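The end of the sequence shown is residue 146 by numbering that gives the first Met the number 0, with every number in the run present.
Don't read these hints as lab results, they were simulated from the structure. Honestly, I wouldn't trust all of these hints.
Listed next, the in silico DSS-like pairs over lysine-lysine satisfying Cα-Cα at most 27 Å (straight line) [what the hints assert, rightly or not]: (1) Lys113 with Lys69; (2) Lys35 with Lys129; (3) Lys35 with Lys120; (4) Lys113 with Lys146; (5) Lys71 with Lys83; (6) Lys106 with Lys146; (7) Lys71 with Lys9; (8) Lys71 with Lys59; (9) Lys118 with Lys106; (10) Lys146 with Lys120; (11) Lys146 with Lys129; (12) Lys59 with Lys22; (13) Lys146 with Lys54; (14) Lys54 with Lys66; (15) Lys11 with Lys120; (16) Lys146 with Lys11; (17) Lys71 with Lys116; (18) Lys9 with Lys146; (19) Lys53 with Lys118; (20) Lys53 with Lys22; (21) Lys116 with Lys106; (22) Lys35 with Lys116; (23) Lys53 with Lys116; (24) Lys54 with Lys116; (25) Lys146 with Lys53.
The structure presented is a predicted model; accordingly, all values stated were derived computationally and were not measured.
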Amino acid sequence: MSYYAISDNKLKHSIAVGRYMQKYATERLLDPELGKEWFILGYLHDIGEEFTNKKEEHNKVGGTILKEQKYKYWKEVYYHGDPKTPYISPALLVLNLAELCVGSDGKVVGVDTKLNKIKEKFGEDSIQYKNTKALANLVRNTPVVLK
């Protein structure tokens, strides 16, 4: 297996996604313990990029590795970024929200700004834009409810 170095910007992004998730759990769901778990999830969500150079596979690669490690949130990593996912959980919804709100450099930009940047970069008819827009609609229309 070949290994690929995760960039400094990707590390900033992962830390910021983790912090966004922690803040969501702590402030909106009033659960500091869940905040700790979700910070780790956000931090690990793109770990697959260390093991593949195909961006479109990183979630499956990372999720599979974390499943082998018996990590509690492996499915969230495996299915993140997929608007047609057969799996939904509160952690996955917040992970996708965090992904939509955090730029590639780790700065919080918001969903609409991220959508506009993807549209400018790839075009309105691109699969990247269509998938991101569908993911934004999924996150916006599915309530985060803890059981």
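query = What hint numbers does the structure not satisfy?
reply = 1, 2, 3, 4, 6, 10, 11, 13, 16, 17, 18, 20, 22 and 25
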